[in-house]
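Number of protein chains: 2
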Amino acid sequence: MKTEIISVGTELLMGYVVDTNAGRIARELLTLGLGTYYQQTVGDNPDRLRDALELASKRSDIIILTGGLGPTQDDITKQVAADVLGDELVLDEKQLDIIKGVFKKRGTEPDEKVYREALTFKHGQTLLNEAGLACGSAYVRETNKETKQHILLLPGVPYEMAHMLKNKVKPYLQEIIQDEGVIESLFMNFNGIGESKVATLLNDKIENQTNPTIAMYAKPRHITIRLTASAKDAETAARMNQKAAEEIQEILSKHFIGYGEDQTIETYVVDRLKKKNLTLSILEGFTSGLVMSSLTRVAGVSAVFEGGLVSLNDKMTESQLGLEDLSDASAADAAKMTAEQCAETFQTAIGLSVTAEITPNTSGQLLSGTGYIAVFIKGKPVKMKQFPLPEKPQAVLRDLLKNEALAFLKDTVN
Amino acid sequence: MKTEIISVGTELLMGYVVDTNAGRIARELLTLGLGTYYQQTVGDNPDRLRDALELASKRSDIIILTGGLGPTQDDITKQVAADVLGDELVLDEKQLDIIKGVFKKRGTEPDEKVYREALTFKHGQTLLNEAGLACGSAYVRETNKETKQHILLLPGVPYEMAHMLKNKVKPYLQEIIQDEGVIESLFMNFNGIGESKVATLLNDKIENQTNPTIAMYAKPRHITIRLTASAKDAETAARMNQKAAEEIQEILSKHFIGYGEDQTIETYVVDRLKKKNLTLSILEGFTSGLVMSSLTRVAGVSAVFEGGLVSLNDKMTESQLGLEDLSDASAADAAKMTAEQCAETFQTAIGLSVTAEITPNTSGQLLSGTGYIAVFIKGKPVKMKQFPLPEKPQAVLRDLLKNEALAFLKDTVN
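So the protein lines, in turn, are chains D and B. Under my numbering, the first residue of the first sequence is numbered 34, with each subsequent residue one higher. Under my numbering, the first residue of the second sequence is numbered 34, with each subsequent residue one higher.
So here's chain D without its partners, still in its complex pose (with noise of 0.2 Å):
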C-alpha cells in the first residue's frame, strides 16, 4: 500500500516554521510496514489544496493530511477534503463535549468559531482530539482497485497530532493492512560508530535480508537500524525480529545502546548511571548548556543529575570551582582539573568537563578549534580526549561537541 503525506500551512511552505509533522507520521507508518511514497507541501489556499489532494488521489492508497483543522478563515482542509470527496461536514458531539470541557476549565466561553473545530465527515469517521480542540477525520473511499481509499485528517499542532497519531491513527491502519497479516518493528540503537563501518559490518546480513528487512538510519554519532518482521501473529514476527537483533548485536555489542524508537544516548546514559549507582555533574564552557538540557529530557533524570556549572571563562571556573592556577595550566591539563574539580563541589562520583579553544576564521562566519572532554570518576584516574574541531559554524560545532561529549560519557559508564 503506497501512503502520501501532505502538510497544509501557508507559513510551512513559507518557512516560517519547520515542518516535523509529516516526517513523524513516515516514522509512525514504517512500524507499520508502510512506506511512504510522496510527500507534498501546500499552502492556506483551495485551489492548490484540492490539486494536492487528487494528485495524491491517483498515485496513493492511503493519504494524510495535517494542519489546517482550526477555527480560522484559513483553515480549509476539512472543507477542501469535503468537497472533494463528496461528502458534507457535520458537528461531532463527543469532540464538541472536549472543547466545551476546555473552555469551562478555562473558565471562559468559547467563541462560536471555535465549534468549527468540531466539523467531521459525515459519511466518515472521527479521530477525536483528546490533547486539543480540533478533531481529526477518516473517510474511506471506493477505488477501480481492490484495495479501498483512505482519506486521514489530522491536526497540525506537532504534539496534538502526535498523540492523535498513537491513539487514533496506529490502531485505525492496523485494522486496514491486517488482513495481509502482522508486521512488527524492532529498532536497535548504536552510538560512536559510523554508517558505512556498520553497512560493511552488515553487509552479508543486508544484502540477503528478507523477512525480517533490515534498514538503517544514520544521525550524529547515532545508527538506529530497523528490523521488520512479517508474519500470521505478532508472536512469530516478534521473535523473527528478536533471533535477527540477537545475530546482529553480536557483531555490533560495543556499540549497542538499547532498543526502541526514542532509545538516545541521553536515555542509555542515564540508564547506566543509575544501574551502577553514579551521580554525575558537569562543567560546560563552549556548549553553555547544551549538555546539560539534552541530558534532562530523561525521564527521572534527577537521580543521577542535580546540576552543574555553565562558564565561559577560566576566572569564572576558577571562583565557583574553587580554583587557583587554572589560566597557567594547559587546556588539556585544565579539563582534568576542572572535571575533578567539579565532582567535589558539586559532591558527586562523577564530574564531567566540556569545553574548547576557539579561532572564527577570517571572515567570521565559521570558527574551528580543539574541543577537551574529561571524565573524572572518584578513585580513578582522570580520562580526557582532545580532538580538532574543523571550520563549521558555531551552532555545528556546539552539536558535534555536545555529542562527542556523551559519546564519551557513555564509554566511560559503559
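It cannot be assumed that every hint is accurate.
A pair counts as met if it fits within one copy or between any two copies, since identical chains are not told apart.
[Said to hold, decoys possible] Here are the simulated SDA-like cross-link-like pairs (lysine to any residue), alpha carbons at most 25 Å apart as the crow flies:
1) K178 x S218
2) K443 x N244
3) K138 x N394
4) K146 x G412
5) K252 x Y192
6) K91 x A195
7) K203 x K413
8) K348 x V117
9) K230 x F136
10) K307 x E175
11) K133 x S229
It is worth saying that the hints were derived from the structure and are not from the lab.
With chain D's structure known, arrange chain B on it following the hints.
Frame of chain D; chain B shown alone:
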C-alpha cells in the same frame, strides 16, 4: 514568478531527518519577493524524482532541488535532472580544485567516486560549493511562455546549502528578476504580543497594503513582520519600507525588538545588556541549561554573560549559592532569593532565576505546574513573575518557560 522546491532524500521522506532546507530556501526567496507555491519531498528513487521534476516543470518558473548531489549511488539528482533537461554532465575544474584542496588538508587522497561531486550541467552554470565538496548547478530552459524556466540544484547538507544559497543562488536570482524592477524586504521583530493583537492593531494597514506589502509570521512569543517594496531602484524601495516601518513601530513600539531576519529575543537582550553595560548570571531549574544555551548562541555574548548554574533541587541550589533556608521558603520567595544570590555568587549586576513546580498527569505523558521567573538588578527590588504551566509534554513546557524567561528579562532591561 512561481517557485517550487523539491527536497530529495529517502531519509527526509521516511522522517529520519527533519527537512530544514526547504524552509530556509522559501524564506530566502521571499526576501526577493518570490513566493513558494509548491513543495515536494521525494526519496532517492529515479522514477519518482523524474515525475516530481516533470510536474514542477509544468507549473513553476523557478525550480530548486536540494539534496542528492553526493558521491554515492543513492545520489541521483544531477543525473535525473540532466536526463529530464536533455543535457549531460561534465566535471567542473574549479570544484575539482576545491575537492583536491580539502583532501590535501586532511592528508589523504580522495576516492575516485568523490570526483562525481564536481559534476555539473554541460550547458548550465556551476554553483560552486565553497563550504563542502559537491557543487550545485543551474540550468536555463526555454519555454512557450515569455519567461524562461530556471532549474537549480543545491546540496542537502544544511550549512553547505545555506552557504550556497546566500553566496551563489541569491545573486543568480537577483539577476533574473532585475528586469522586473527592484524588490527590497525589511524584517521587523516583535516580542510579547500575540498574532491576533498585532492583526487588530495593524488592521487598517494590512487591508490597504499595496506597496510595500505587509506579511506577518508568528512563532511562540515572536512576531516577524516582513515589508516588501518594489521600485525602480533599491534606494527608493528601501525608503518606502523605512517609512512604513516607522508607522508600524509607532503603533507597536513597546514590543519592537529590532530589524533583520535573524534578529531574535536573545540577540536583543544581549544587545541591551551591552548598551547598558550590565552583566548577567542565570540559575536554571526545570529548563536545565536551555536559557543559557539559547543566549550563548549570540556572537559576543561573553561580554555580558560569563556563567550560570543548573540545579534540579533546593539542596543543590543552597550549597552552590550559599543559601541556608531555601527549602522553608515558598517557591515564589525562593525564586526571588535565588535571583539575588545568583548575582552575588557570580558577581554580576543582574541575577535571573528560572524555576518551576511540576506535576505529571495521571498517564505520566504530560506535565503541568507553575513557572517562576525572578530578575534581580543591583540596587533595585527583585521582580518576580509566577504563572500556570498548562498540561503539555515536557519539551513544550521547557520551551515555554525559556521563552517567558527571555521575555521577562527583556522587559526588565528595556
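Verification of the hints:
1. K178 x S218: neither (28 Å within a copy, 50 Å between copies)
2. K443 x N244: Result: close neither inside a copy nor across copies, 32 Å intra and 57 Å inter.
3. K138 x N394: between (55 Å within a copy, 16 Å between copies)
4. K146 x G412: Answer is neither; intra-copy 66 Å and inter-copy 49 Å both fail.
5. K252 x Y192: both (23 Å within a copy, 16 Å between copies)
6. K91 x A195: neither (27 Å within a copy, 35 Å between copies)
7. K203 x K413: neither (49 Å within a copy, 55 Å between copies)
8. K348 x V117: Result: close neither inside a copy nor across copies, 67 Å intra and 61 Å inter.
9. K230 x F136: Intra 55 Å, inter 20 Å, cutoff 25 Å: inter-copy only.
10. K307 x E175: neither (54 Å within a copy, 65 Å between copies)
11. K133 x S229: between (54 Å within a copy, 22 Å between copies)
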